[in-house]
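*Asks:* Keeping the supplied structure of chain F fixed, place chain Z upon it in accordance with the hints.
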Amino acid sequence: GAGVSQTPSNKVTEKGKYVELRCDPISGHTALYWYRQSLGQGPEFLIYFQGTGAADDSGLPNDRFFAVRPEGSVSTLKIQRTERGDSAVYLCASSLSVAGEQFFGPGTRLTVL
Amino acid sequence: EDKVVQSPLSLVVHEGDTVTLNCSYEVTNFRSLLWYKQEKKAPTFLFMLTSSGIEKKSGRLSSILDKKELFSILNITATQTGDSAVYLCAVELQGAQKLVFGQGTRLTINP
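Protein chains in written order, with the numbering used here: chain F, 1 to 113; chain Z, 1 to 111.
In case anyone wonders, no lab produced these hints; they're calculated from the structure.
Quick caveat: nothing in here was measured; it's all calculated off a predicted structure.
Heads up, some of the hints might be wrong.
List of simulated lysine-lysine pairs, DSSO-like, C-alpha gap at most 30 angstroms [as the list claims (entries may be wrong)]:
(1) Z:K68 / F:K78
(2) F:K78 / F:K15
(3) Z:K37 / Z:K67
(4) Z:K40 / F:K11
(5) Z:K57 / Z:K40
(6) Z:K41 / F:K78
(7) F:K11 / Z:K37
(8) Z:K68 / Z:K40
(9) Z:K56 / Z:K3
(10) Z:K3 / Z:K57
(11) Z:K68 / Z:K56
(12) Z:K67 / Z:K3
(13) Z:K56 / Z:K41
(14) F:K15 / Z:K41
(15) Z:K3 / Z:K41
(16) F:K11 / F:K78
(17) Z:K40 / F:K78
(18) Z:K41 / F:K11
(19) F:K15 / Z:K40
(20) Z:K57 / Z:K68
(21) Z:K3 / F:K78
(22) Z:K3 / Z:K40
(23) Z:K37 / Z:K68
(24) Z:K57 / Z:K37
(25) Z:K57 / Z:K41
(26) Z:K40 / Z:K56
(27) F:K17 / F:K78
(28) Z:K67 / F:K17
(29) Z:K56 / Z:K67
(30) F:K17 / Z:K41
(31) Z:K3 / Z:K68
(32) Z:K57 / Z:K67
(33) Z:K37 / Z:K3
Extracted from the complex, chain F is given alone in its bound form:
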C-alpha cells in the first residue's frame, strides 16, 4: 500500500516568507509526527498529533511554527517569517496507534535564502 507522502519534496524560499509543508499519512494511522533534520544530525521531534489534536507540541522551536491536522488525516506544518536557520529536511511519520512503529515519509527539503 501507499506509504507516507510529503509535498513538496523541495522548497526554496526567501527569508521572511511564509511556507506550508504537507504530510499525507498512511491511511488509517491515527498518530502523526513531525521531525526536523539538519545536515549531519539525527531527526529532532517537533510535534505529535493523535487524531485531530496536537498531543505534544513541545518540540516546536518558537511561535513561528504551527501545525494542523483538521480532519485527523493530512497535516500541514506552517512556518511564518522564515529564517535561514529554518533550512533543514522536515520529516513526517505516522503510526497505527500510540507506541506503534513510526513509518517515515521522504521529507521536504526546505532552503531559506
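*Replies:* Positioned in the frame of chain F, the structure of chain Z alone reads:
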C-alpha cells in the same frame, strides 16, 4: 535532558567486513530503542528492542539491548555496498509518543 549518542559518527569498511555500531542513551523514562536505516531521505525501520539481552535478527543484521548499561549495538555481517547508509538509533520515551534520535553513524562500504 534526554540524550542518545551514537558512535562512531562515520565508518568506512570493505565489502565483506563485519561492523558494529554503538548507541548509548540517558533518558528519563525508557520505553523502547529503535534502529533505522536512512539511505536518502526516509528512515526505514530495522528493529525495535524493549527487553534486555534478547537479540533481534534479520538476515545479516542483528541488534541487542543492554538496559543495565544503557546501550545497544547493531551488527552487520558480510557487508555489501547496499548497506551504505546512515544508521539512526532512537529511544522512545514512556508516556511521550516521540522518538529521541542520536546523530547517526554514516557507514560506507567500499567494493
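*Asks:* Indicate, hint by hint, whether the structure satisfies it.
*Replies:* Consistency of the hints with the structure:
{"no.": "1", "hint": "Z:K68 / F:K78", "in the structure": "violated, 41 angstroms"}
{"no.": "2", "hint": "F:K78 / F:K15", "in the structure": "holds, 14 angstroms"}
{"no.": "3", "hint": "Z:K37 / Z:K67", "in the structure": "holds, 22 angstroms"}
{"no.": "4", "hint": "Z:K40 / F:K11", "in the structure": "holds, 17 angstroms"}
{"no.": "5", "hint": "Z:K57 / Z:K40", "in the structure": "holds, 24 angstroms"}
{"no.": "6", "hint": "Z:K41 / F:K78", "in the structure": "holds, 20 angstroms"}
{"no.": "7", "hint": "F:K11 / Z:K37", "in the structure": "holds, 24 angstroms"}
{"no.": "8", "hint": "Z:K68 / Z:K40", "in the structure": "violated, 34 angstroms"}
{"no.": "9", "hint": "Z:K56 / Z:K3", "in the structure": "holds, 23 angstroms"}
{"no.": "10", "hint": "Z:K3 / Z:K57", "in the structure": "holds, 26 angstroms"}
{"no.": "11", "hint": "Z:K68 / Z:K56", "in the structure": "holds, 18 angstroms"}
{"no.": "12", "hint": "Z:K67 / Z:K3", "in the structure": "holds, 15 angstroms"}
{"no.": "13", "hint": "Z:K56 / Z:K41", "in the structure": "holds, 25 angstroms"}
{"no.": "14", "hint": "F:K15 / Z:K41", "in the structure": "holds, 24 angstroms"}
{"no.": "15", "hint": "Z:K3 / Z:K41", "in the structure": "holds, 23 angstroms"}
{"no.": "16", "hint": "F:K11 / F:K78", "in the structure": "holds, 13 angstroms"}
{"no.": "17", "hint": "Z:K40 / F:K78", "in the structure": "holds, 24 angstroms"}
{"no.": "18", "hint": "Z:K41 / F:K11", "in the structure": "holds, 15 angstroms"}
{"no.": "19", "hint": "F:K15 / Z:K40", "in the structure": "holds, 26 angstroms"}
{"no.": "20", "hint": "Z:K57 / Z:K68", "in the structure": "holds, 21 angstroms"}
{"no.": "21", "hint": "Z:K3 / F:K78", "in the structure": "holds, 27 angstroms"}
{"no.": "22", "hint": "Z:K3 / Z:K40", "in the structure": "holds, 24 angstroms"}
{"no.": "23", "hint": "Z:K37 / Z:K68", "in the structure": "holds, 25 angstroms"}
{"no.": "24", "hint": "Z:K57 / Z:K37", "in the structure": "holds, 15 angstroms"}
{"no.": "25", "hint": "Z:K57 / Z:K41", "in the structure": "holds, 24 angstroms"}
{"no.": "26", "hint": "Z:K40 / Z:K56", "in the structure": "holds, 25 angstroms"}
{"no.": "27", "hint": "F:K17 / F:K78", "in the structure": "holds, 11 angstroms"}
{"no.": "28", "hint": "Z:K67 / F:K17", "in the structure": "violated, 46 angstroms"}
{"no.": "29", "hint": "Z:K56 / Z:K67", "in the structure": "holds, 15 angstroms"}
{"no.": "30", "hint": "F:K17 / Z:K41", "in the structure": "holds, 25 angstroms"}
{"no.": "31", "hint": "Z:K3 / Z:K68", "in the structure": "holds, 16 angstroms"}
{"no.": "32", "hint": "Z:K57 / Z:K67", "in the structure": "holds, 18 angstroms"}
{"no.": "33", "hint": "Z:K37 / Z:K3", "in the structure": "holds, 19 angstroms"}
Consistency note: the structure conflicts with the earlier hints numbered 1, 8, 28.
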